Amino acid sequence: MILVTGATGHLGNAVIHQLLQKLPASQIVAFVRDKNKGINLLEQGVTVRVGTYDDTDALDNAMQGVETVLLIAGTDEENRVRQHQNVVDAAKKAHVQRMAYTSRALKDRATLVNQLMDGHFQTEDYIKESGLPYTLFQNSLYLDAIPQFVGGDAVFARGIYVPAEQGRVALALRSEMGEAIANALTNEHEGNLIYRLTGSESYSFYDVAAALTDLSGKSVTYTPADPVTFETQLIGRGLSDVVARRIVGFITDIANGQEDAISPDLEKLLGRKPTALKDGFSVLYNV
Numbered sequence: 001m002i003l004v005t006g007a008t009g010h011l012g013n014a015v016i017h018q019l020l021q022k023l024p025a026s027q028i029v030a031f032v033r034d035k036n037k038g039i040n041l042l043e044q045g046v047t048v049r050v051g052t053y054d055d056t057d058a059l060d061n062a063m064q065g066v067e068t069v070l071l072i073a074g075t076d077e078e079n080r081v082r083q084h085q086n087v088v089d090a091a092k093k094a095h096v097q098r099m100a101y102t103s104r105a106l107k108d109r110a111t112l113v114n115q116l117m118d119g120h121f122q123t124e125d126y127i128k129e130s131g132l133p134y135t136l137f138q139n140s141l142y143l144d145a146i147p148q149f150v151g152g153d154a155v156f157a158r159g160i161y162v163p164a165e166q167g168r169v170a171l172a173l174r175s176e177m178g179e180a181i182a183n184a185l186t187n188e189h190e191g192n193l194i195y196r197l198t199g200s201e202s203y204s205f206y207d208v209a210a211a212l213t214d215l216s217g218k219s220v221t222y223t224p225a226d227p228v229t230f231e232t233q234l235i236g237r238g239l240s241d242v243v244a245r246r247i248v249g250f251i252t253d254i255a256n257g258q259e260d261a262i263s264p265d266l267e268k269l270l271g272r273k274p275t276a277l278k279d280g281f282s283v284l285y286n287v
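According to full-length UniProt numbering, the sequence shown holds residues 1 to 287 in order.
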């Protein structure tokens, strides 16, 4: 049995959707915070267990009969390392056979601007120290996040102003990462594994602008922005201070080369090339 935490989120849903193509629903367990959000999974025959990463009793119950645990990173950024540790502790207590985690594909934790990302490295360390066999999925930035970064449909009128300089990132669709993760979890495996799930190419925001220009027929330009000015603009668009700072950190790390690395792992796990930039935007912007 495979337990997927965060099962009603975007990535969790993508993983379970693919697992259902490969396994009987009876072999899939979804750990959710809100049972009502898991009704669709129940209707498909997936076992749903309810709780939070803070609820150690619920975590213990969720692990019953489970062989593999996929820990999808939590969204409570101030507490998620401790919460992740609770999941790992419960998995170790239940003697699961494999601990998997959705981490991030970043080059150097020592030079990160977005310090929230260090929580992924801390979680990786804790999993390795637990002694459990592990599989780590180090994911690149989701292509799906770019519309939020550049202002949604407004990008076609005002262009792109982000503090990314010439930085590049091997963007990939979240749905394809979920598909690849499910494929990896159902493949025969031995030993500890680390997959770096990135697109087959890396792109700058100049490339993003060119792709959006081609798709829309409108001239979309990219102008590197000052980080402070950019953060102020994000808040002016209605984003919270926390979300605005997170986006600035993401993009500044791109400028610093943190995400400019390409791995063949995603392509191998999918059995095809990941969706390219322009095709991905065609789906995301429905153009």
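Incorrect hints may have been included.
To be verified - Below, in silico cross-link-like pairs of lysine-lysine (DSSO-like), each with a Cα-Cα straight-line distance of 27 angstroms or less: (1) Lys-37 / Lys-22; (2) Lys-218 / Lys-268; (3) Lys-107 / Lys-268; (4) Lys-107 / Lys-278; (5) Lys-107 / Lys-128; (6) Lys-128 / Lys-35; (7) Lys-273 / Lys-22; (8) Lys-22 / Lys-35; (9) Lys-218 / Lys-278; (10) Lys-35 / Lys-93; (11) Lys-278 / Lys-268; (12) Lys-22 / Lys-218.
No wet-lab data here; the hints were simulated from the structure. Fair warning: this is a prediction, and the values are worked out from it, not measured in the lab.
Hint by hint, here is what the structure shows:
no., hint, verdict
1, Lys-37 / Lys-22, "23 angstroms, holds"
2, Lys-218 / Lys-268, "35 angstroms, violated"
3, Lys-107 / Lys-268, "21 angstroms, holds"
4, Lys-107 / Lys-278, "26 angstroms, holds"
5, Lys-107 / Lys-128, "19 angstroms, holds"
6, Lys-128 / Lys-35, "31 angstroms, violated"
7, Lys-273 / Lys-22, "20 angstroms, holds"
8, Lys-22 / Lys-35, "24 angstroms, holds"
9, Lys-218 / Lys-278, "14 angstroms, holds"
10, Lys-35 / Lys-93, "25 angstroms, holds"
11, Lys-278 / Lys-268, "21 angstroms, holds"
12, Lys-22 / Lys-218, "42 angstroms, violated"
Checked against the numbered hints given earlier, this structure breaks hints 2, 6 and 12; the rest are met.
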